[in-house]
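Protein chains: 2
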Amino acid sequence: MTVYNFSAGPAVLPTPVLEQAQSEFTDYQGSGMSVMELSHRSSFFDAIIKDAKKRLRELMNIPDNYHILFLQGGASLQFSMVPLNLAQNKKALYVNTGSWSKKAIGAAKMLDNVAVEVIASSEEDNFTYIPDITPDMIDQDAAYLHITTNNTIVGTAFQTIPDAGKVPIVADMSSNILANDYNVEDFGIIYAGAQKNIGPAGLTVVIIRDDLLGLCEVNEPMLDYKIHTEANSLYNTPPTFAIYIAQLVFKWLQDLGGLPEILKQDQEKAQLLYDAIEKSSIFTSPVRQDSRSITNIPFVTGDEELDKKFNAEALAAGFENLKGHRSVGGMRASLYNAFPKEGVTALVAFMEKFEKENGGA
Amino acid sequence: MTVYNFSAGPAVLPTPVLEQAQSEFTDYQGSGMSVMELSHRSSFFDAIIKDAKKRLRELMNIPDNYHILFLQGGASLQFSMVPLNLAQNKKALYVNTGSWSKKAIGAAKMLDNVAVEVIASSEEDNFTYIPDITPDMIDQDAAYLHITTNNTIVGTAFQTIPDAGKVPIVADMSSNILANDYNVEDFGIIYAGAQKNIGPAGLTVVIIRDDLLGLCEVNEPMLDYKIHTEANSLYNTPPTFAIYIAQLVFKWLQDLGGLPEILKQDQEKAQLLYDAIEKSSIFTSPVRQDSRSITNIPFVTGDEELDKKFNAEALAAGFENLKGHRSVGGMRASLYNAFPKEGVTALVAFMEKFEKENGGA
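Protein chains in written order, with UniProt numbering: chain A, 1 to 361; chain B, 1 to 361.
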């Protein structure tokens with residue numbers, strides 16, 4: 001049985017990447033060692049981390065005044081690092097678009113010397129849309145404006161990045177990094193857990209503009225962006241194997257034609273599923289049309305029992321991890337870059353069959 | 001050419017572990033998915049993390065009132081987490097036995113409300129021995145006594161754990177965890193970066209006694225042991241693949257006969273090398289006899305040019321990463337659990353040959 005993995009993260013990885021990593025797993029490029037066994041100070045690993053950075057810079061068109069960091073701790077650690085590094089004794093603005101935004105807001109609020117202001121929220125409507133952010137909402141004295149560009153659980157995404165004037169935008173891009181047409185120059189900081197669109201869990205990518213380093217005194221060296229920047233992400237031992245897999249994923253994306261090409265594929269995959277939902281008489285999208293994500297697509301029948309039946313039959317048919325997050329219910333298909341189009345086609349066919357068998361029009 | 005990897009970390013891993021991980025790299029136990037692609041909330045991964053914990057508990061005889069955490073950030077993040085969780089508005093005692101102790105001391109000193117006291121140091125003698133710690137040196141009001149049980153760079157190790165009375169001992173055990181006969185009950189907290197004796201870089205194992213949780217308010221959720229304990233290390237996405245490799249390493253150790261057996265092997269390997277150094281007329285150990293580590297063994301000729309020649313010839317002969325740390329010079333052999341005895345025998349033979357060719361007696 002072909003298995004299609006719709007997991008929201010850790011998520012499906014490109015088959016060619018897995019196959020290459022497998023083939024050289026015990027002997028990396030004739031070194032006689034696994035990548036996991038390489039010293040992080042070795043010339044082998046030096047070449048890996050430099051190449052990973054270079055490729056990510058090329059893929060995302062990251063200007064020279066931005067640093068690329070490979071850190072640990074996931075987006076959750078960034079929720080504290082961002083305000084500690086940028087907003088001590090200042091105000092920080094947040095847009096609340098879902099569970100992860102709320103966690104970011106909560107972590108900032110725990111810091112005594114950071115004034116947190118939530119300038120917009122869609123919580124009153126179960127986060128089913130992205131609120132409008134207009135320039136007049138942005139206090140120009142704020143340290144930053146934090147947004148979650150894509151909301152993994154509810155399936156919304158910023159279609160355009162707000163104009164925040166001179167206030168840097170800090171973005172949690174965990175679930176749509178490398179699957180958007182945003183412009184890096186519109187951000188002060190971009191951060192992303194790797195386990196959705198980059199590689200294995202345990203790696204966090206941070207892209208930070210040079211002028212945002214060293215603004216506040218940070219009392220924990222491992223939480224200080226400046227220290228990691230000056231050490232080229234080698235302040236301590238980095239997650240070497242995860243960085244190697246990320247390097248292979250970046251290369252795979254470049255070989256495919258880069259972001260414009262993968263974005264086209266992502267949009268086609270999403271369109272297939274959204275079209276199926278639109279024409280269905282039993283499935284609907286809970287998300288407002290103008291706010292829909294192309295990477296995380298929830299859908300529901302409106303009938304808990306029917307959702308449950310669908311999820312059980314889908315799982316039995318090889319559709320893994322389709323069950324929606326408990327806070328939304330129903331189903332959710334995460335269609336990251338590595339998710340194959342055939343998987344969407346197969347899901348759509350399965351949905352049509354299910355609909356016929358279960359009283360659909 | 002057979003390659004022997006003497007790296008101090010990331011370090012050599014057991015061949016059977018690498019082979020098993022390679023064989024199921026793209027299809028874990030018939031799931032159709034790589035371990036890296038498994039959701040951390042899946043039943044597959046749940047079984048992995050539970051089994052890893054269970055095996056580590058068995059291997060180290062960890063009592064029930066200790067929690068096992070799988071975290072990120074390395075020992076370096078622990079340097080801040082330990083004082084934040086245990087010593088705010090209190091005194092913290094440290095023994096300074098090398099570069100990593102100094103980093104731990106430095107990180108604690110950065111916290112305004114922690115009073116750091118270094119109660120003993122071997123710095124005046126280049127850290128070539130472990131200072132004696134006697135009960136009268138321990139202020140019984142201190143939050144903890146921090147020691148580095150094994151010093152990777154200088155090659156010293158605590159042969160016995162000091163008696164600190166009721167003050168909990170916090171140990172950075174990164175380079176000799178699972179390669180000692182310490183008693184877990186003698187510690188309040190044990191922490192270790194995985195990349196030496198456990199698995200790949202990017203995983204930190206923390207073993208913490210129940211009564212040490214929740215003592216201080218920690219303003220960064222990801223730095224709070226209590227949060228990670230209550231979430232069973234799943235507060236956010238953990239480094240899933242690294243935990244899986246650790247599980248395989250723990251199983252490998254148990255299959256070998258557990259810690260008593262591996263410790264016997266480690267001692268034999270170390271003895272082989274120390275004997276060769278003792279009987280050599282050109283190599284010496286810079287470490288005082290009663291303080292020597294069995295996992296990290298530095299040796300020098302006393303002649304920088306000769307060290308350089310040895311390192312170049314050794315590297316050409318397949319002895320990888322033998323070069324000593326720049327702060328000590330000379331050579332260093334890291335003989336972690338996965339390092340094969342044949343590698344030590346081969347090194348000793350190579351040393352004898354080199355000695356004959358280079359004016360040895």
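No wet-lab data here; the hints were simulated from the structure.
Possibly wrong hints are sitting among the right ones.
No copy labels: a pair is met if it fits in one copy or bridges any two.
As the list claims (entries may be wrong) - Listed next, the in silico SDA-like pairs over lysine to any residue satisfying Cα-Cα at most 25 Å (straight line): (1) 109 <-> 215; (2) 308 <-> 285; (3) 323 <-> 123; (4) 102 <-> 131; (5) 102 <-> 24.
Right, here's what the structure says about each hint:
Taking the shortest alpha-carbon separations for residue 109 and residue 215, both the intra-copy value of 19 Å and the inter-copy value of 21 Å come in at or below 25 Å. Only within a single protomer do residue 308 and residue 285 lie at most 25 Å apart by alpha-carbon distance; the minimum there is 17 Å, versus 67 Å between protomers. For the homomeric pair residue 323 and residue 123, the shortest alpha-carbon distance inside one copy (22 Å) is at most 25 Å, but the shortest distance between copies (58 Å) is not. Taking the closest pair of Cα atoms, residue 102 and residue 131 come within 25 Å of each other only inside a single copy of the chain (15 Å); across copies the shortest separation is 49 Å, beyond that limit.
Taking the closest pair of Cα atoms, residue 102 and residue 24 never come within 25 Å of each other, the shortest separation being 41 Å inside a single copy and 38 Å across copies.
Consistency with the previously given hints fails for number 5 only.
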